[in-house]
Every structure is written in structure tokens, then in C-alpha cells.
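J.: Protein sequence lines, in the order shown, are assigned to chains A and B. Going by our numbering, the first sequence opens with residue 1, and the numbers climb by one from there. Going by our numbering, the second sequence opens with residue 1, and the numbers climb by one from there.
Quick caveat, the hints were computed from the structure, so don't treat them as lab data. The model shown is predicted, which means the values in this text are computed figures rather than measured ones. A hint or two may mislead.
For each label pair, taking beta carbons as the anchor points, the in silico distance ranges come out as [claimed, not checked]:
1) B:Leu191 with A:Glu71: 53 to 63 Å
2) A:Leu81 with B:Val95: 52 to 62 Å
3) B:Asp164 with A:Asn59: 18 to 28 Å
4) A:His73 with B:Ser82: 17 to 27 Å
5) A:Arg223 with B:Val188: 40 to 50 Å
C-beta: ideal position from N, C-alpha, C; glycine also.
There are 2 protein chains.
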Amino acid sequence: MLVKSQVKYIQSLGHKKFRDAAGVFVAEGSKIVQELLSYPPVSLAELYATREWLLENENRFPAAKNKVAVEAHELERISFLSTPGQVLAVFRKPVFSDITKQPGITLLLDEIQDPGNLGTIIRTADWFGVRRIICSPGTADAFNPKVVQATMGSIARVEVLYGDLKEYMAGHPGIPSYAATLDGEDLVHMLRVPEALILIGNESRGIHKSLASLASHRIRIPRKGAAESLNAAVAAGIVLSLIQKD
Amino acid sequence: MLVKSQVKYIQSLGHKKFRDAAGVFVAEGSKIVQELLSYPPVSLAELYATREWLLENENRFPAAKNKVAVEAHELERISFLSTPGQVLAVFRKPVFSDITKQPGITLLLDEIQDPGNLGTIIRTADWFGVRRIICSPGTADAFNPKVVQATMGSIARVEVLYGDLKEYMAGHPGIPSYAATLDGEDLVHMLRVPEALILIGNESRGIHKSLASLASHRIRIPRKGAAESLNAAVAAGIVLSLIQKD
Chain A
1 MLVKSQVKYI
11 QSLGHKKFRD
21 AAGVFVAEGS
31 KIVQELLSYP
41 PVSLAELYAT
51 REWLLENENR
61 FPAAKNKVAV
71 EAHELERISF
81 LSTPGQVLAV
91 FRKPVFSDIT
101 KQPGITLLLD
111 EIQDPGNLGT
121 IIRTADWFGV
131 RRIICSPGTA
141 DAFNPKVVQA
151 TMGSIARVEV
161 LYGDLKEYMA
171 GHPGIPSYAA
181 TLDGEDLVHM
191 LRVPEALILI
201 GNESRGIHKS
211 LASLASHRIR
221 IPRKGAAESL
231 NAAVAAGIVL
241 SLIQKD
Chain B
1 MLVKSQVKYI
11 QSLGHKKFRD
21 AAGVFVAEGS
31 KIVQELLSYP
41 PVSLAELYAT
51 REWLLENENR
61 FPAAKNKVAV
71 EAHELERISF
81 LSTPGQVLAV
91 FRKPVFSDIT
101 KQPGITLLLD
111 EIQDPGNLGT
121 IIRTADWFGV
131 RRIICSPGTA
141 DAFNPKVVQA
151 TMGSIARVEV
161 LYGDLKEYMA
171 GHPGIPSYAA
181 TLDGEDLVHM
191 LRVPEALILI
201 GNESRGIHKS
211 LASLASHRIR
221 IPRKGAAESL
231 NAAVAAGIVL
241 SLIQKD
């Protein structure tokens, strides 16, 4: 059974400041929770699930003390989804080893504001083996419940950091950087490099001009039709599918 | 001012059966409405906007009889968005000329259920000059307000039809067909063909086996990392970016 203080605590985790203070985030639904339970960088803080779910999944989590059996109607009270699943888990934020600091592709996101877009970008990065994403301060919070759901578990495998993108670029001179724009060079000419920074901009405004001008290359995904722009996650996927070494 | 019957009518357009009966759909927000007003395949049925918006945009629509000045709080009553804009328009569904029947790339969508995903796929198709999408009956309705918003206006330029995908493939023999799967051939080997069918499947289940087996080629986007799958719109964008002739 859920007590009132638990309900209030979980609801508070919808807000960044409470997530940051507690160092945790929420994930919901059997598939994501099962996946996160199997990745060491995140660890389980608390788990709220129906009796059936706990029975079916008891071999997945050793610690018995932090699981609470709840009724479906109780899950509705704490869920951030319009259609709650059978389980809601609170995880401690991932702590990444130094592997994410090795050379590789780093995505730089300039004010991606839509949580679904950010989550899909994290998931796409994970598919292509990108371990590191640097977000401008105006980007959505990666541990927002909507972002976590859209990552489909990839939040445990990609390190997402926040900071000034210009400073990050200045701190990594010599690494080729590619700004995805509407007017650069056709990206089929992009080099397959093992190490690079890729800048993806806000969908309405694109990449801030002063930031794009710092990139060593401007690239563009050739438009054959009439749409004004591409979705930021789709653009990131296309660039990542082409830049990696075969 | 809005009368009660108008409010009820617009709210009814959230449901497919009422959209189908009236042959119309809803678009909201200045950017999309302005774009749709400039594309002949769709025509304006009714427009509800604030006085300021009507004044700023009066040169965009000739017909005076079907516009209604409303207050911001009235827009909130009819809007399908969580943050209503300054304008909501009802458009007649697009009627496409035979240009969409010319040879080209056709996307076949097997049960894409998420409205945002479908809208993003339509927008991505438009970017790459794809004029035709065939959806299985289990796919979301292209004129669902959430889909329309995610298309960013591309709904006026891409013909979206619904029908049995196996029948469609059987009716188009000789055209190469590519099923995007997790176990096909690396898509970098995909031919740049001027005419093809591209199958994209439901994110959880992929393409139905019996449908994928009808495709002349199975392709896969190589995975370098650990994500279990790619978002369907991202996958569609990557395939479209590679299949088209340069």
C-alpha cells in the first residue's frame, strides 16, 4: 500500500529541482524498468508494482527492502503516463565510468526543448554507440519522466551532461566539428571520422549562429521535397548513420 | 464569438468518424496554418483566430465569410493543444493530383500507432520528396490533430492512403521493395533506385513476418551500440536519406 508521503515524494520527482536534490529519476512500464534493472550504471532506489509484476520479476532485483506492492489504482495516482503500466521505479542517476571520456563521437545539443525529441536523440545516440551528449542549458532535462520514457532505457548507457557549448568546443580544439544546418555542404561528403563533435540545433531556430560559426564544417541533409525542416532526432539519426566508420 | 454548436463541432473533429464524415481536419498555430493556407491541395473551411492574428494575416486568405474572430479564452475551449496558439483552422482534406501516382519512392507503414511518430514520418517523407505513403489499417489516422501538428504542414504535400499492404505489394510487382528489419543486409549496400517500396514496421513488433517475407530485400541499419531498436521515424529518415538518387 502507498502512504501519502510516498505519493507526494514521487509526484515531486516530476520537477527537476527535486530530482536533482534526491539524485534520482522515475521510469515506468515493464520493458524499461526491466532493462534499467539490468544496467549497473543505474541502481534501484524504490520500486512500486502490482503483486503480479513482482511475482513475475522477482529474480530481477535482489534487494527486497525497497519494493512496494501496490494496487493498479494506486499506480494511477503516482504515474506520469496517461496509461499507467504495472510498475513504476525510482532509480539513482547513472554514474558513468571513464569509458565515456574516450575518443568518439560527441553530440552537442543546442536547446532541444521537446522532451520526446531529446529522449529519441539519446536512444538514437545509443544505437550508434555514441556515449556522450552535451546539452546547452536551454535543453530539456534528460531525467524528465517524458525524456526517460522516450529513451527506452538508453538513459543508462549514454552520459548526458549540461554546460556551455561554446566553452566545450573551445576546450576540444583539433577535433573536427560538424554543424547540421540548412545551408552547409551535402553530408554525403562528410568524412567517416572516429572522433568528432556533432551540433544539432533547436528545431525552430536551428543552431545559434555564433555557435555554428565555431564549427569546422557546416553540413546539410539534402532536401529533395518541400518540408521546411527535419525533426531534430531524425536529423541526428541521419548524421550519425553516415559519420561513423564502417 | 463562438457559439455552442461551433464548439461541439470542432471538438467532434478530434474523432476520426466525424472527420471522415465532414471530410475535414484541424490545424493549429500560426506557422502551420499559414503554410496550409498557401497550399492548393487543401482548402480552408473555417478559421478561428484572435483579432490580432486576423489583422496580421488578412492578405493570406481571400474568403471573408468563413473566418471568426475569437478571444484567447475561447480558443482554449476548442484547442487540441495543451498550449493553444492564436489560430485554429478547419481545412478540407487534400485532394492530390496524379503526380503522386508517378514512379517514385513509396513508404509502406505497418501499424505505426503513435501519432507523433506518424506525423514525423510524413514530414520526413516530404523532406525527401516522397509523395505517397500507404498505411496498414492499424496505423494512426493521418488527420488526427496530433499527427497534423507533427507533420508541420507536410500533410498537404504527401498523399497518405490506407489499405492492405500485402495487396498493395502484390499489385506492384517488379518494383524493388525494402523491408527495414533488425537482421537484413547493411543498408549502405542498398541500391539508389528511382522507384521502390520501403516498409517500416511497428516499433515494438517490427514488420509482420508474413509481410516482410514479401519484400525483395531485407535491410538493416547497422547497430554500433546497445539500444534495442530505433524510433520508426528516425529509421525511415535514415533509409530515405540513403535510397534516393543523388
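J.: How does the Cβ-Cβ distance of leucine 81 (chain A) and valine 95 (chain B) compare with 52 to 62 Å: does it lie in that range?
T.: Given a distance of about 38 Å, which is not inside 52 to 62 Å, the answer is violated.
J.: Return holds or violated for the Cβ distance of arginine 223 (chain A) and valine 188 (chain B) against the range 40 to 50 Å.
T.: For valine 188 (chain B) against arginine 223 (chain A), whose Cβ atoms are near 21 Å apart, the range 40 to 50 Å is violated.
J.: Taking the CB of leucine 191 (chain B) and the CB of glutamate 71 (chain A), does the distance hold inside 53 to 63 Å?
T.: holds (56 Å)
J.: Are aspartate 164 (chain B) and asparagine 59 (chain A) spaced within 18 to 28 Å by their CB atoms?
T.: 42 Å Cβ-Cβ, so the 18 to 28 Å window is violated.
J.: Range hint 17 to 27 Å: satisfied by the CB atoms of histidine 73 (chain A) and serine 82 (chain B)?
T.: Given a distance of about 25 Å, which is inside 17 to 27 Å, the answer is holds.
Comparing the model with each numbered hint stated earlier shows that hints 2, 3 and 5 do not hold.
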